[in-house]
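A.B. asks: Now for the letters of each chain:
Number of protein chains: 2
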Amino acid sequence: MPTIKDVAKLAEVSVATVSRVMNNNGYVNQNTRQRVEEAIKQLNYRPNDVARSLFKGKSKMIALFVPDIMNPFFPQLARAVEDTANKYGYLFVLCNTDNDNEKEIAYLNALLQKTIDGIILVSNTIQVDQINDINVPIIALDRKINSNIISVTVNNREGASQAVRYLKETGCKRIAHIAGPKDVSSAKQRLEGYLDEVQSEEWFTTDYIRYGNYTVKEAYQATEELLSQHPEIDGIFAANDLMGVSVLKAAKNLGFDIPNQLSVIGYDGMELSDITSPTLTTMAQPIYDIGKRAVEILIEKIENSDKEVESEQYQVQLSVKESTHERREVDE
Amino acid sequence: MPTIKDVAKLAEVSVATVSRVMNNNGYVNQNTRQRVEEAIKQLNYRPNDVARSLFKGKSKMIALFVPDIMNPFFPQLARAVEDTANKYGYLFVLCNTDNDNEKEIAYLNALLQKTIDGIILVSNTIQVDQINDINVPIIALDRKINSNIISVTVNNREGASQAVRYLKETGCKRIAHIAGPKDVSSAKQRLEGYLDEVQSEEWFTTDYIRYGNYTVKEAYQATEELLSQHPEIDGIFAANDLMGVSVLKAAKNLGFDIPNQLSVIGYDGMELSDITSPTLTTMAQPIYDIGKRAVEILIEKIENSDKEVESEQYQVQLSVKESTHERREVDE
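From first to last, the protein sequence lines are chains P and Z.
Heads up, the first sequence is in our numbering, so the first residue is 18 and it goes up one at a time.
Heads up, the second sequence is in our numbering, so the first residue is 18 and it goes up one at a time.
One or more hints might be untrue.
Pairs involving identical chains hold if they fit within one copy or between any two copies, as the list cannot separate such chains.
As the list claims (entries may be wrong) - No farther apart than 16 Å at their CA atoms in a straight line, the calculated lysine to aspartate or glutamate pairs in the EDC-like style are these: (1) K22 to E343; (2) K26 to E343; (3) K199 to E235; (4) K104 to D115; (5) K199 to D274.
Calculated from the structure, these hints are not laboratory results.
The structure displayed is predicted, hence computed values, not measured ones.
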């Protein structure tokens, strides 16, 4: 498969010259033009649409930065971003940043050198002044960066409150929270949503809040400790499904009957929540929709940089499965 | 954050000229050189190591192509590739190909235009003549492409046989297989490994082979049908863990007692197999090791193209969890 570099080499000109010949713009002398055209013919070089767009200074490629590729939420989000990008004729690359700001900056630099057309960032470590001067459109997804950066997010605080209200409505009297990392905005907002619903209850104690840090392992440990110290707990809201699955597992291993003795609700609406026994009730984010909208807005900005676009916020939806009771109005 | 393009624009020269100035190679006239140096100073442009490597024709970036980012096996593999790439100072981008050859070719073209340094391919759709002429190193991971392309794989056939032998040793008398897609080499080899162990048994029938196509949904359906038609089955070997989890779920929903009535074994050794109840016995692939080795070999080739490297094949390891019996020698 010959590349533009092979053409340039054979014709003994620069890649930029090959590009000028192919796009018929800029001055190229007749002799050089002929050499390039012969090289193209000889190598049977046929740039596809993507390659052709490169000549025009557009790479037709966008990037998505995610903090943790091992959390199945992000592959699901990536799926939506990719489908939508492809639909508009864009390729998509995924960069995993580990919430590591140095890595984010290294990726930004490297990709911008490669004239990527736009970037979607899921980040809680990036600083605004690190991206202020970047001359391609940037959209924040899932986590806000600041009010100047257009974002597509969900209403985490309200979604979390809804989860806790549902536990109350179905009869839970002592509701605990397995929280995400202290420095991640989505986790902070979900904790706030939990507090909105419980902090005025006479039974409430901050000892009911444990940090699982969005990981399977830490959530398991946190739940084991919580339930051993507080067997009176009859409802747990986990700040994501990955931790919700761990809560189910830890509670079952301690002999809790779910949902008769203990109700569990997660947050995210991942496919994962369907394969556990019992299946996990969850606050389902419109994962596909937010991924899709982020790409659509990004491409609008790429193709028309004057276009005014606005941040969008979506609602989450209660998805009742087997880990909580049906509403108990009848019993009470 | 100024880029090389900003420098080129301010100095009114091409990016290639800026690069020549910074690397002090190729002819640049004195006046131009001065303009570039002033622009660099004025913009406070400081290319980091990654950017600097770009000037030298090395991008210090490698790509991994995977067929299905939603299968947790691939994020786990990507994690290994990324860690190792980072260790050697390389960034890493992930491309999801959906087993779609057109998409693979579009990515190859786009990335090569961007002077990526090397590519790791997990693919069963790419044709050898599509990559023969590519002038950066390519390593096949997890799935062989052909004997000319260096590969890092596991011994799927032997691993599958081992799984079935374990089911036999623990007392299973009627062993079925939930297979992966017919056109994926790893799935074909695992089916062959199953057949090696069962096809001479008098109880064997091809009706014990059902296709779950490496997906949760199809594996669930296949298991439901299989067990409804053949309640005599007492062991199932699923060709990957994703399907193994579905087998557990379908069998439990049909009232099968696992492992007393039915033993289930998966293949892959994903973290997923730890969160189910019961946990899933599996043939654990050295996922991290194969990802790591693929990168190490790739970087050896990138940094020393004359280096002779060889394909490597790894063994899988039985990991006994709760979905199978302990060996029953004592009972028999």
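A.B. asks: Hint by hint, say whether it matches the structure.
C.D. replies: How the hints compare with the structure:
1. K22 to E343: neither (64 Å within a copy, 60 Å between copies)
2. K26 to E343: neither (70 Å within a copy, 64 Å between copies)
3. K199 to E235: within (14 Å within a copy, 39 Å between copies)
4. K104 to D115: between (28 Å within a copy, 14 Å between copies)
5. K199 to D274: This pair counts as neither: shortest intra-copy Cα distance 30 Å, inter-copy 42 Å.
In this structure, the earlier hints numbered 1, 2, 5 are contradicted, and the remaining ones agree with it.
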